[in-house]
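So you can see what is in the structure, the chains are spelled out below.
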Amino acid sequence: MRRRRVAAVLGMLALLGAGLRPAADAAGPALPSDDAAIVHALSRLEFGARPGDVERVKSLGLATWIERQLEPRWLDDRAAEQVLGALPTLTMSIAQLQKEYPRPPAREKSADPQMAPRVLLDRPPPEKRPIRIVAEMQAARLVRAIESERQLEEVMVDFWFNHFNVHAAKGEVKWYVTAYERDVIRPNALGRFGDLLRGTATHPAMLFYLDNWLSTRPDFTLRFGPNRGKRAGLNENYARELMELHTLGVDGGYMQKDVTEVARAFTGWTIDRPRDAARFVFRPLMHDRGEKTILGTRLPAGGGRDDGERVLSLLLHHPATARFIATKLVRRFVADEPPPALVERVAATFRARDGDVKAMLRTIVASPEFWAPDARRAKIKKPFEYVASAVRAVGGHVDARAGFLLARSAAEMGEGLYGAQPPTGYPDRAEAWVNAGTLLARMNFALALTQRRLPGVTLDLSPLAVDRAAPDATLERLLDALLHGEASAQTRAVLTAQLTNPEIRRQTSDDRGPADTDVEKLAALVIGSPEFQRR
Amino acid sequence: MTNPLLTRRALLKGGACALAAVAAPPRFLARAAVAAEARRRVLVAVFQRGAVDGLSMVVPYGDRDYAAARASIAIRPPRGGDAGAAVDLDGFFGLHPALAPLVPLWESRAFAVVHACGSPDRTRSHFDAQDYMESGTPGVKSTPDGWLARAAGARPTPGSPFRAVALGPTLPRVLRGDAGAISLASLDRFDVRATTEAAVARKGFESLYEQGVQDLLHGTGRETFEAVRMLKSANAVQLAPANNAEYPRSRLGQSLRQIAQLIRADVGLEIAFTDAEGWDTHVGQGAEQGQLAARLRDFSASLAAFTQDLGDRMADVVVLTMSEFGRTVAENGNRGTDHGHATAMLLFGGGVRGGKVYGRWPGLAREQLYEARDLAVTTDFRALFAEVAGRQLAIARPATLFPGWTGVPALGVMS
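Chains as they are written, first to last, in the working numbering: chain A, 15 to 549; chain B, 122 to 536.
Mixed in with the good hints there might be a few duds.
Taking lysine to any residue pairs in the SDA-like style, the calculated list, with each CA pair at most 20 Å apart, reads [as the list claims (entries may be wrong)]:
#, chain 1, residue 1, chain 2, residue 2
1, A, Lys271, A, Glu305
2, A, Lys142, A, Lys184
3, A, Lys271, B, Pro241
4, B, Lys262, A, Ala334
5, A, Lys72, A, Ala50
6, A, Lys271, B, Glu488
7, B, Lys324, A, Lys372
8, A, Lys142, A, Leu419
9, A, Lys372, A, Glu305
10, B, Lys262, B, Arg170
11, B, Lys262, A, Gly267
12, A, Lys244, B, Ala451
13, A, Lys184, B, Pro199
14, B, Lys262, A, Arg345
15, B, Lys262, A, Lys271
16, B, Lys262, A, Lys142
17, B, Lys324, A, His331
18, A, Lys244, B, Ala189
19, A, Lys271, B, Arg494
Hints were generated in silico from the structure; no laboratory data involved.
Chain A extracted, bound-state conformation (with noise of 0.2 Å):
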């Protein structure tokens, strides 16, 4: 209770600073009240609205609302931590995830055919191997996204990791992936960005995801491991991607010779224990000691360790990456084409506020763009935001078994968590995301989900199904809880024509009774539409 309290006089505090008022205050920028808006809010700041939400958030004030949520440690979780707690992988240091799930012994080279089937036995059970780290990682980030009270920082956290992707299946990431999040992308998914880009660029997921850890002085001899004797060098991987993904962008006016003088800036930058505790390191004898020029700016021999840092200060303060950072996060928030005025209302932010993530996101939603009607179901769902916002329109819950589940759903429509190979991530943008194959997989989960054959999710629609008897108020309460009243109307059209469908309104065994309507299929049927597809 008085956590509660407290957290409403915070919220009230940061939205006296934060310019963030309700409509009837005609001073400041003001919030629409009006439950479209709400509505619009919840799609866009959550993973979607839950049964009773769009009145939760009215009686709460839309803008105290999004201040809570933009302060989520303030916000209870236990509901969502304790079904967590069936995933243990969750807590565990990269040292504790190496031994409780190690790498499986390396394949004897002389093919006895009598140890084949020994090998066999010997194998670890799927629950105590390497995979089950992804795996439970990935029913975690589900569980979240559909219990978690604290809904934006579970959206920054898939935009962030996203941003900054490592992939799981990529030799060590597997061990490291975990903390990877814990530690680096969730603590600061709604803190600052100069943290995130110091987090990842000394994480060993991010090291090894780009191969830093092996990029060393040209003339460098190895002294330990297999390869001892052998010259190493330089790797450009990270460099590049530093510029391109994380900071700058591709057009952000960087050259090869960039890429090159800031992967020597970064040699050295390794992992200590790879198979261990992995922990970053900075290695002098690795590191290549010479003058380097990067973007015109000169780092003087000798500059060891701070040569890294030094190249990530400079490239947080370039333009071109608060310009990038603006551009993806209104085309997370707004639309797929970012106005432009708004990315450089969010980029001189960024710069104004020093990469205060909350700052930007307080930019964006006081934006005219942001409430724009155009800018309504603008959006295509992801599939991971397609699964969750299906599973709490319809009121559900689930356990850890679930998340699994509704995993494997979001990997069949093309979005397998932790599994984007290239160092983009997954796109942003409706185009990459509708196409035959995944639309028939949203509408088979739809069916899924609401004919209950997905163990470990509850679902009560017994509130949506008035009165069986009744197919046509059914309908209008389904229509009302799931999409809002936004219906076009052709889906009202096609929906009413189903009720007279024989398999739709069935009558009882005898014909004597009243009617009875599919109420699973009706709604499997809103959560396949075309606008369910859409925040």
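Chain B: place on chain A using the hints.
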């Protein structure tokens, strides 16, 4: 001639705006006729995403600077009895030993190589270079559609819903546009599935997408259900691989297996596309064994199974491989290679004048390299793509598939 569906997506890009419905003409009658016209020609494009090292795939062992640039990853020159060495093609180039399953195709002149092929744009960004190769407009990001979509659009209408198909969970840039290309991850899951009355659910969903607004979602929905119906009647899923072909269980193998099913089921396929991933070998690329060799083994086994499966039907099929750029001539500090410029592209099939490596060889001496580090491009990828699409799909002026490009004389890689 103007099909109202053709302009649908152009009108409504990114669209929340609703236009009045334009009823689609019933096309299934014409479709039946199209489907009956069997043995149509097919172009299969395979994108090696991540930038394949053309110098390891098709090895210029005759270039005296090759081996020196690659102390630990060079492929040894051909030598009788050495299974780990390159397989000789023409006395100068050799195939990576992991591509040995493709040698019979070379010998029967159904396999050609275009080396030092790539983009005139200088980018070394995977994302941008793929974007340019798929839009067909190097250096121009605003091109709304992909070149294979434009190729499909240049074919006579009406087309089958399976005219242009991508195997995979998302529709790639190269097929985005007004051509109504579809993408699917697997043929046998391509239908509405329900515990009871799946047909009712299918009909319901179909009606929801049938009319009303003309946007990306509705358009895709309509095409989807047309395709579902056609696939059911053609029974493509039941076709087992022919000629004892055995596909790898990899994604590429399974994609090619299903493309072969669509070809053999005569559903009107003209353009097929699939990805092959895993070519971004920055670390531990390996030589005759290792990371790249493993990827190439899957690549060649998948392609060999595909040609075996189709048998005589390969006379009507051309497979074209592509990759966004090549890799550095010199190996990097981690026995891998970084992002480079030109690479090698491969062609298989009946219409190919095979048994030859096409393209001018620019050389690997330092002064011959692009920006002093990469294999130079001597064949613009558009020259190759235009020639292949033009011949295989009977497109009269294929240079028009590539806006802003005037075309060059044909390489002669297609008969």
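Against the structure, the hints:
A threshold of 20 Å between alpha carbons decides the hint, and for Lys271 (chain A) with Glu305 (chain A) the separation of about 13 Å falls inside it, so the pair holds. For a cut-off of 20 Å, the pair hint linking Lys142 (chain A) to Lys184 (chain A) stands: about 19 Å separates their Cα positions. A hinted pair counts as satisfied when its Cα atoms are at most 20 Å apart, and Lys271 (chain A) with Pro241 (chain B) qualifies at roughly 19 Å. A C-alpha spacing of about 18 Å is found between Lys262 (chain B) and Ala334 (chain A), which places the hinted pair at or below 20 Å, so the restraint holds.
A threshold of 20 Å between alpha carbons decides the hint, and for Lys72 (chain A) with Ala50 (chain A) the separation of about 11 Å falls inside it, so the pair holds. Among the hinted pairs, Lys271 (chain A) with Glu488 (chain B) is consistent with the structure: their alpha-carbon atoms are about 18 Å apart, no more than 20 Å. Proposed proximity of Lys324 (chain B) and Lys372 (chain A) is contradicted: the alpha carbons are some 46 Å apart, above 20 Å. Of the supplied pair hints, the one linking Lys142 (chain A) and Leu419 (chain A) holds, its CA atoms being roughly 18 Å apart against a limit of 20 Å.
A C-alpha spacing of about 38 Å is found between Lys372 (chain A) and Glu305 (chain A), which places the hinted pair above 20 Å, so the restraint is violated. As the CA atoms of Lys262 (chain B) and Arg170 (chain B) are separated by approximately 18 Å, the hinted pair is consistent with the 20 Å bound. Distance hint between Lys262 (chain B) and Gly267 (chain A) is fulfilled; the C-alpha atoms sit about 16 Å from each other, no more than 20 Å. For the proposed pair Lys244 (chain A) and Ala451 (chain B), the alpha carbon gap of about 16 Å is at most 20 Å, so the pair holds.
As the CA atoms of Lys184 (chain A) and Pro199 (chain B) are separated by approximately 33 Å, the hinted pair breaks the 20 Å bound. Distance check on the hinted pair: Lys262 (chain B) and Arg345 (chain A) sit about 17 Å apart at the alpha-carbon level, within 20 Å; holds. Among the hinted pairs, Lys262 (chain B) with Lys271 (chain A) is inconsistent with the structure: their alpha-carbon atoms are about 23 Å apart, more than 20 Å. In summary, the hint linking Lys262 (chain B) to Lys142 (chain A) is not supported, as the alpha carbons are separated by about 46 Å, beyond the 20 Å threshold.
For a cut-off of 20 Å, the pair hint linking Lys324 (chain B) to His331 (chain A) is broken: about 55 Å separates their Cα positions. At roughly 16 Å between alpha-carbon atoms, Lys244 (chain A) and Ala189 (chain B) fall within 20 Å of each other, so this suggested pair holds. Pair hint Lys271 (chain A) plus Arg494 (chain B) holds up; C-alpha atoms about 12 Å apart against a cutoff of 20 Å.
Hint violations for this structure: numbers 7, 9, 13, 15, 16 and 17, all remaining hints satisfied.
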